[in-house]
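Engineer: Line order of the protein sequences matches chains W and D. Take this note's numbering: the final residue in the first sequence is number 780, and no numbers are missing along the way. Take this note's numbering: the final residue in the second sequence is number 1188, and no numbers are missing along the way.
To be clear, the hints were calculated from the coordinates, so they are not data collected in a lab. Do not take every clue at face value.
Footprint (simulated), chain W over chain D, 3 or more residues, beta carbon under 8 Å [to be verified]:
no.	segment
1	940–950
2	1023–1035
Over 12 Å on every C-beta distance to chain D, these chain W residues come out as not near it, computed from the model [claimed, not checked]:
no.	residue
3	R480
4	S514
5	D536
6	D555
7	T614
8	V683
9	E699
10	A716
11	V717
12	V721
13	D726
14	V761
15	L773
Built from N, CA and C at the ideal position, the CB exists for glycine as well.
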Amino acid sequence: MISARGLRKSFGDFEAVKGIDVEVRRGEAFGFLGPNGAGKSSTMRMIAAVSPISGGELRILGMDPAVDGPAIRGRLGVCPQEDTLDVELNVRDNLYIYGRYFGLPKVEVNERVDELLDFVQLTEKATSKVEDLSGGMKRRLTIARSLINRPDILLLDEPTTGLDPQARHLVWDRLFRLKQSGVTLVLTTHYMDEAEQLSDRLVVMDKGVIVAEGSPLDLIRQHSTREVAELRFGVAEVGESHDAVAEKVADLGDRVEVLPDRLLVYSDDGDHVIAQVHERGLSPVATLVRRSTLEDVFLRLTGRTLVD
Amino acid sequence: MATLASTGSTIGGRLRLVDGVRRQVDYWVVVYQRTWRGTVISSFLAPLFYVLAMGVLLGGFIDADPDVLEGATSYFDFVVPGLIAAHAMQTAVGETTYPVMAMIKWQRIYDSMLATPLACRDLVAAHLSFVLFRLATTCAVYNLVLAPFGVYGSWWGPILAFASQLLVGMTFAVWVYGFSARLHSEEGYGVLFRLGIFPLFLFSGAFFPISNLGTVGEWIARCTPLWHGVNLSRMFALDNVTWWVAAVNVAYLSVLTVVGWFWAVSGLEKRLVS
Chain W
473 MISARGLRKS FGDFEAVKGI DVEVRRGEAF GFLGPNGAGK SSTMRMIAAV SPISGGELRI
533 LGMDPAVDGP AIRGRLGVCP QEDTLDVELN VRDNLYIYGR YFGLPKVEVN ERVDELLDFV
593 QLTEKATSKV EDLSGGMKRR LTIARSLINR PDILLLDEPT TGLDPQARHL VWDRLFRLKQ
653 SGVTLVLTTH YMDEAEQLSD RLVVMDKGVI VAEGSPLDLI RQHSTREVAE LRFGVAEVGE
713 SHDAVAEKVA DLGDRVEVLP DRLLVYSDDG DHVIAQVHER GLSPVATLVR RSTLEDVFLR
773 LTGRTLVD
Chain D
915 MATLASTGST IGGRLRLVDG VRRQVDYWVV VYQRTWRGTV ISSFLAPLFY VLAMGVLLGG
975 FIDADPDVLE GATSYFDFVV PGLIAAHAMQ TAVGETTYPV MAMIKWQRIY DSMLATPLAC
1035 RDLVAAHLSF VLFRLATTCA VYNLVLAPFG VYGSWWGPIL AFASQLLVGM TFAVWVYGFS
1095 ARLHSEEGYG VLFRLGIFPL FLFSGAFFPI SNLGTVGEWI ARCTPLWHGV NLSRMFALDN
1155 VTWWVAAVNV AYLSVLTVVG WFWAVSGLEK RLVS
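All chains, please: the whole structure from these sequences, using the hints.
Structural biologist: See below:
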């Protein structure tokens, strides 16, 4: 569905995407995970056939975006990072008018609008003005709008950024249903839980390059331990940094990460780590044992957290 | 599935321009439905106030000498065709400043349109078609209202005057659109209005013959697009046409409009397709 080889994007002297290889197959949910500025959105704009590529090769649905941009865009659905809804139109008109841009006949667009309003649970809001909707409703409306042309591929750029937890779960539920109905999803996110929930396969991006690729589970297995023990110490014990304490526990796990507010000890048995810490006379003010996540993978690969 | 191939409307991977515009008609109809009330005052009442104040009341103090007033037998007849051309400029500028900024930056409607098969030139063409529609309705009403006052010297004069008002309006529309596409802050409009549009409005021959500006001033005025529009509108309305001058006026505005079209499209492409 999407094939990129050595794909690059530059803005003047700044290179946002530095030669990436990506292959997205039909029916899969593919994620780009990375912090802000990793090059995810630039990549998405190239895949959306809006932004011309600066180098490498890109094929979308077997076509070259430089030649067949309109034909490609006719078969994509795009849900941008910021809602670009027409706030002065009502909910229904936003969908109807958008459908017309694809050259769909009026009758067909009207039927499709009804289906989509039902799908994103906004039927009762059909005649409401967009500016009166909540953030989550606007996001669902944007998703509905991106589906108006029954796209082969749905591109979602940070689909739940800025939403409250309840609204996020509602959006995830709708996206999960789409995935199950066979729509190919491509999403960017800097939320590891979102990447884990929605992606079959993902790439981790940092500073314009891909640093790892695989399913969420594979990535965690390859780059992290099964569990993580989180240790937080009081100011009296650590002073300005956790570095000194980190040395004392370094041998308790496969590795130790020092964050500004806590230590992460990577081990397959987190409870054992915490018991050992106490045996050594250290007294953390808070401890937590959890499973490894993509956040830990990212920390391992880049030395930084996803949300700085 | 909405593919382009199924509609047979592409040329070399692109939509045909007319098809690109047609797909946006519903959008612009909705825009007009929600804004037409606001345009009634600026488009129809304000110009009539000008006609009343300048043409009737001020004109009452001015001796009408056809040799001085470019063939007009009253100041009213002189000023009205020029006023309509100047009003066409103002309408075009009004439709291609803040509305374009809103579509690009504030509401980002263009971004959402570009995620569909539409391309920048389709967006520019549809937006400018809407401007042409606004020019046509305002200028037509203006001309029709003034018809009973005996301004027009022939039956075909107002038709050609109307066409020249549309032409000068579109000349401004394409250039100001290109300016807006490149403008990152709306503060630039203050400069455009104060140093561009307002002086043109006053000194391009709408209110007085440009021969009053002195030799240098007159030639500067002759270089402005608005003067060419005012001159055409007045010559046709009064049936006092010097055909070679009319040909120069039309050619000047046509060339500017065609070049301006490319300036507008390239401006939007540079801004939104990076």
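Engineer: Flag every earlier hint the structure violates by its number, smallest first.
Structural biologist: 4, 5, 6, 7
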